[in-house]
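J.: The lines below spell out each chain.
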Amino acid sequence: MLLEVKNLKVKRNDKEILRGIDLKIKEGETQVLLGPNGSGKSCFAQTILGNPKYKVTQGKILFGRKDITRFAPEKRVKLGLALGWQNPPQIKGVKFSKLLEKISRGEFKIPDGENLLEREVNVDFSGGEKKISELLQILALRPKLVIFDEIDSGLDLKRLESVAKIIKKELIQKGVSVLLITHSGEILRFLKPRLTNVMVGGKIICKEKNYRKVLKVIKKYGYEKCKKCKLLAG
Amino acid sequence: MVTKSVKNANYWQVDHKIKNIFEVKGVTVLPSPEAWNKFKWARKWFAKQPNEGYFIWVKKQIDLPFFTCVSIFSKNIRQDLQNLLIIEKNLKVNLKGVCNSQKRDLNCGHKARGKIILKEGSSLKYEHIHSWGEKDIIQPSYEFLLEKNSELDYTYKNLFAPKKLKIKTDFDLLAGAAANIKIIADCRQSQTEIKDTLRLNGEGSSGQIQLRLVGRKNSRIEAKSSIVASSAGKGHLDCQGLLIDKDSIISLDPKLVCKNKLAQLTHEASIGKISEEELNYLRMRGLAESEAIDLIVNGFLGRDRDEQNSTT
Chain L
1 MLLEVKNLKV KRNDKEILRG IDLKIKEGET QVLLGPNGSG KSCFAQTILG
51 NPKYKVTQGK ILFGRKDITR FAPEKRVKLG LALGWQNPPQ IKGVKFSKLL
101 EKISRGEFKI PDGENLLERE VNVDFSGGEK KISELLQILA LRPKLVIFDE
151 IDSGLDLKRL ESVAKIIKKE LIQKGVSVLL ITHSGEILRF LKPRLTNVMV
201 GGKIICKEKN YRKVLKVIKK YGYEKCKKCK LLAG
Chain V
1001 MVTKSVKNAN YWQVDHKIKN IFEVKGVTVL PSPEAWNKFK WARKWFAKQP
1051 NEGYFIWVKK QIDLPFFTCV SIFSKNIRQD LQNLLIIEKN LKVNLKGVCN
1101 SQKRDLNCGH KARGKIILKE GSSLKYEHIH SWGEKDIIQP SYEFLLEKNS
1151 ELDYTYKNLF APKKLKIKTD FDLLAGAAAN IKIIADCRQS QTEIKDTLRL
1201 NGEGSSGQIQ LRLVGRKNSR IEAKSSIVAS SAGKGHLDCQ GLLIDKDSII
1251 SLDPKLVCKN KLAQLTHEAS IGKISEEELN YLRMRGLAES EAIDLIVNGF
1301 LGRDRDEQNS TT
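Protein chains in written order, with the numbering used here: chain L, 1 to 234; chain V, 1001 to 1312.
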């Protein structure tokens, strides 16, 4: 098992956001985490990467069987974890090419977004450009497991397809594990997960192999229906 | 710390000794004491009879950048320089000036009084770089006189601020003259006083001062920037400070004085700390906290842009 999250409880500013998460991802596996806004998906992603704003109050995060629950973010990245942010901050005055040069852990191809290289990181980037910027940074990091937080939000269909192709070719086909976080499920048109997890209210309430079935229920009845579903995992 | 190309400098001084003077056609380069004796007309530009420093008189267009370097290699040296740069009418000059100490612990002093005269229609792009040791006391004081329709693009960068730094810079602009001024200091364990004044003395003159100051490791920075408009000109002050640790203090004091109702003066000033979100973002890219801070600071000080400009 590459990533194993055991009974993870997390607080931010004394408010409990994650209320006991269990999740396992194998090497080379793609999974999806679905959930409505505010369900705790981004908090989960940030906690896995070690953002100090989120305090783990209970549970463990194992990566490659190593307990990384208290590791600094940079140490987790060096072990092979990476996160594509939903809303990445601007780094004024720093050229994107400079950032790539600093973080790069080996040579990598730039499949898209060459026009961003001379610009300041995320400054005046469109929604689509931010996603490409995140994707390029992740490729530079050469990770073993990537969490993409809403990589499909704000992308038109053509752009979405192009992003999905890059993820497939440069990551999934190279054996990198991927956890796709999405609330719309748009990206699942192009990337097929082995397992679909549904998070509501800081808990994973459903784990289902057939993502189409889950999406169908959510699209028809919303996430409220998930709570009452017989497949309920929690 | 001395750049590799220093042997090709047009003026190179180490401690009190001139190591090299390299003249090009159309430009006179002399030690200031010699210029004092040779050119009586130039005496009015010196505050007093100089002991050391350089005199550069650009009389014809030069295409290559000009380079001066004043260094300190020995302990307890006290330099007292008077520098004079004169650019004749309608000439364009690109100058890089470096002042530094070779080691971090030389306990030296560098006092420099400079006068830069841009004659009518001339243009100067001047990059002035300082890099000092932890025990040094540094006092540069420069006056720029911009005659009619001349242009100045001046960047003062202090990459390693000394123990004490006191900078005074005055810019006097006549009609139609334009100045773009950047003052950048990265201060660690440093007491820094900056005072700069831009005077818009002629109609249609314009200028902008940008201050970018970083305070870390118990630094004290006090910056007083002012624009005084006596004529119908335009001026803008943009002062920004970045505090890295809780033991440093930055004080920004922007001031606008308008003596002409047709002048337009504006200012903005801010002091902030490094955003935690930016820091965490970079740490999640594998950078250690100190590397992330350096990257953010370099971005704030515009070093990335400067590197790019210096290679173009």
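Some clues are possibly wrong.
For lysine-lysine, the following DSSO-like pairs were computed, each having C-alpha atoms within a straight-line distance of at most 30 Å [said to hold, decoys possible]:
#1 V:LYS1125 x L:LYS55
#2 V:LYS1119 x V:LYS1163
#3 L:LYS92 x V:LYS1259
#4 V:LYS1246 x L:LYS95
#5 L:LYS92 x V:LYS1148
#6 V:LYS1148 x V:LYS1246
#7 L:LYS92 x V:LYS1195
Honestly, the hints are just simulated from the structure, not real lab data.
Quick caveat: nothing in here was measured; it's all calculated off a predicted structure.
J.: Evaluate each hint against the coordinates.
T.: Results for each hint:
Proposed proximity of LYS1125 of chain V and LYS55 of chain L is contradicted: the alpha carbons are some 52 Å apart, above 30 Å. Our distance criterion of 30 Å between C-alpha atoms is broken by LYS1119 of chain V and LYS1163 of chain V, whose separation comes to about 36 Å. With a C-alpha separation of about 36 Å, the suggested pairing of LYS92 of chain L with LYS1259 of chain V is violated against the 30 Å cut-off. Restraint check for LYS1246 of chain V and LYS95 of chain L: the C-alpha separation of about 28 Å stays at or below 30 Å, so the hint holds.
Distance restraint check for LYS92 of chain L and LYS1148 of chain V: the Cα-Cα separation of roughly 36 Å exceeds the 30 Å cut-off, and the hinted pair is therefore not satisfied. Taken as a hint, the LYS1148 of chain V and LYS1246 of chain V pair is broken in the structure, with Cα atoms around 46 Å apart against an allowance of 30 Å. Restraint check for LYS92 of chain L and LYS1195 of chain V: the C-alpha separation of about 26 Å stays at or below 30 Å, so the hint holds.
Comparing the model with each numbered hint stated earlier shows that hints 1, 2, 3, 5 and 6 do not hold.
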